[in-house]
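S.K.: Since the structure of chain A is provided, determine the placement of chain B on it from the hints.
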Amino acid sequence: GDSVTQTEGLVTLTKGLPVMLNCTYQTTYSPFLFWYVQHLNEAPKLLLKSSTDNKRTEHQGFYATLHKSSSSFHLQKSSVQLSDSALYFCASFNVGDNSKLIWGLGTSLVVNP
Amino acid sequence: NSKVIQTPRYLVKGQGQKAKMRCIPEKGHPVVFWYQQNKNNEFKFLINFQNQEVLQQIDMTEKRFSAECPSNSPCSLEIQSSEAGDSALYLCASSWDRWEQYFGPGTRLTVL
Chain A
3 GDSVTQTEGL
13 VTLTKGLPVM
23 LNCTYQTTYS
33 PFLFWYVQHL
43 NEAPKLLLKS
53 STDNKRTEHQ
63 GFYATLHKSS
73 SSFHLQKSSV
83 QLSDSALYFC
93 ASFNVGDNSK
103 LIWGLGTSLV
113 VNP
Chain B
131 NSKVIQTPRY
141 LVKGQGQKAK
151 MRCIPEKGHP
161 VVFWYQQNKN
171 NEFKFLINFQ
181 NQEVLQQIDM
191 TEKRFSAECP
201 SNSPCSLEIQ
211 SSEAGDSALY
221 LCASSWDRWE
231 QYFGPGTRLT
241 VL
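Sequence lines, in order, name chains A and B.
For the first sequence, this note's numbering begins at 3 and goes up steadily by one.
For the second sequence, this note's numbering begins at 131 and goes up steadily by one.
Only chain A is shown next, with the shape it has when bound in the complex:
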């Protein structure tokens, strides 16, 4: 079945360092990929959505590029801040099953001073 895989459960970094959170997907049809961020006791918020193949999308300092050749949509930021500490979820919307998001298990990002 369709799935989204996030390989890291926890990433711990020092403020100012770069980060990459991995996301790979397996879908029957051509998907749209999303990154959501969820701060403690808050709702998930849409952070990024994929564009066309090999095109980078950016928002609030985060960026990701959909690579259909490797079925990936990794999230990156060049310099993390303390406020970036949160849960990050990768999700796919399968155009062929156009009714729900398929979620990864999430990556907890902890940024230390």
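Hints were generated in silico from the structure; no laboratory data involved.
Beta carbons: idealized from backbone N, C-alpha and C, even for Gly.
Hints may be right or wrong, so weigh each one.
Chain B is faced by these chain A residues, among others (derived, beta-carbon under 8 Å) [to be verified]:
no. : residue
1   : K17
2   : G18
3   : E44
4   : A45
5   : L48
6   : K51
7   : F64
8   : Y65
9   : F95
10  : L103
11  : G108
12  : V112
13  : V113
Computed beta-carbon distance windows for the label pairs [said to hold, decoys possible]:
no. : chain 1 : residue 1 : chain 2 : residue 2 : range
14  : A       : Q28       : B       : S203      : 34 to 40 Å
15  : B       : T137      : A       : K47       : 17 to 23 Å
16  : A       : K57       : B       : E172      : 40 to 46 Å
17  : A       : Q28       : B       : P138      : 33 to 39 Å
18  : B       : S203      : A       : Y65       : 39 to 45 Å
19  : A       : P115      : B       : S206      : 31 to 37 Å
20  : B       : G144      : A       : H69       : 45 to 51 Å
21  : B       : S203      : A       : T14       : 18 to 24 Å
22  : A       : G63       : B       : W229      : 40 to 46 Å
M.R.: This is chain B only, laid out in the frame that chain A set:
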């Protein structure tokens, strides 16, 4: 920022009791989704609607849950007979096009 409203924020029920939660989607969004997020932060899709019609739902939702999205009233999700395993954060999301989903703050259900 999302304008999806969910009430109540917290709900405590005993096993076997009914648990009902409500969601007001963002104005103009015809599609509403319900998800369950467990203590391990895993998301489970429950049901979704377009306008008042069910698009898709999982088996669990068919058997023990009931949900509706009447016109001009909040959407609702009700668990007929709560079980300990139902303790979770219930998230409502709305969307204009099914793709970009905007979430409410959730209802945290605790079943004692």
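S.K.: Now, for every hint given, state plainly whether the structure supports it.
M.R.: Taking the hints in turn, this is what the structure says about them:
Among the interface hints, the one on K17 (chain A) is violated; its C-beta lies about 24 Å from the nearest C-beta in chain B, farther than the 8 Å criterion. The beta carbon of G18 (chain A) comes no nearer than 27 Å to any beta carbon in chain B, farther than 8 Å, and the hint placing it at the interface is violated. Hint on E44 (chain A) holds. Least Cβ distance to chain B is approximately 7 Å, under the 8 Å limit. At about 4 Å, the closest approach between the beta carbon of A45 (chain A) and any beta carbon in chain B falls short of 8 Å, and the interface hint on this residue holds.
Look at L48 (chain A): its Cβ gets to within about 6 Å of chain B, closer than 8 Å, so that hint holds up. The beta carbon of K51 (chain A) comes within 6 Å of a beta carbon in chain B, closer than 8 Å, and the hint placing it at the interface holds. A distance limit of 8 Å between C-beta atoms decides the matter here; for F64 (chain A) the minimum to chain B is near 16 Å, and the interface restraint is violated. Because the beta carbon of Y65 (chain A) sits about 18 Å from the nearest beta carbon in chain B, more than 8 Å, this interface hint is broken.
The criterion of a C-beta within 8 Å of any C-beta in chain B is met by F95 (chain A), whose closest approach is roughly 5 Å, and the hint holds. The interface hint given for L103 (chain A) holds, since its Cβ lies 6 Å from the closest Cβ of chain B, which is under the 8 Å cut-off. Checking G108 (chain A) against chain B: minimum C-beta separation of about 5 Å stays under 8 Å; hint holds. Annotation: interface hint on V112 (chain A) violated; nearest CB of chain B at approximately 14 Å, more than 8 Å.
Hint status for V113 (chain A): violated, given a least beta-carbon distance of 18 Å to chain B, over 8 Å. For Q28 (chain A) and S203 (chain B), the hinted distance range of 34 to 40 Å is satisfied, since their beta carbons lie about 39 Å from each other. Between T137 (chain B) and K47 (chain A) the beta carbons are some 20 Å apart, a value that agrees with the proposed interval 17 to 23 Å. At about 30 Å, the beta-carbon gap between K57 (chain A) and E172 (chain B) misses the expected band of 40 to 46 Å.
Between Q28 (chain A) and P138 (chain B) the beta carbon distance is about 38 Å. The supplied range of 33 to 39 Å therefore holds. At about 41 Å, the beta-carbon gap between S203 (chain B) and Y65 (chain A) stays in the expected band of 39 to 45 Å. Distance hint check: the CB atoms of P115 (chain A) and S206 (chain B) are about 44 Å apart, inconsistent with the given range 31 to 37 Å. A hinted range of 45 to 51 Å holds for the C-beta pair G144 (chain B) and H69 (chain A), which are about 50 Å apart.
With their beta carbons about 46 Å apart, S203 (chain B) and T14 (chain A) fall outside the hinted range of 18 to 24 Å. Between G63 (chain A) and W229 (chain B) the C-beta distance comes to about 23 Å, which lies outside the given range of 40 to 46 Å.
In this structure, the earlier hints numbered 1, 2, 7, 8, 12, 13, 16, 19, 21 and 22 are contradicted, and the remaining ones agree with it.
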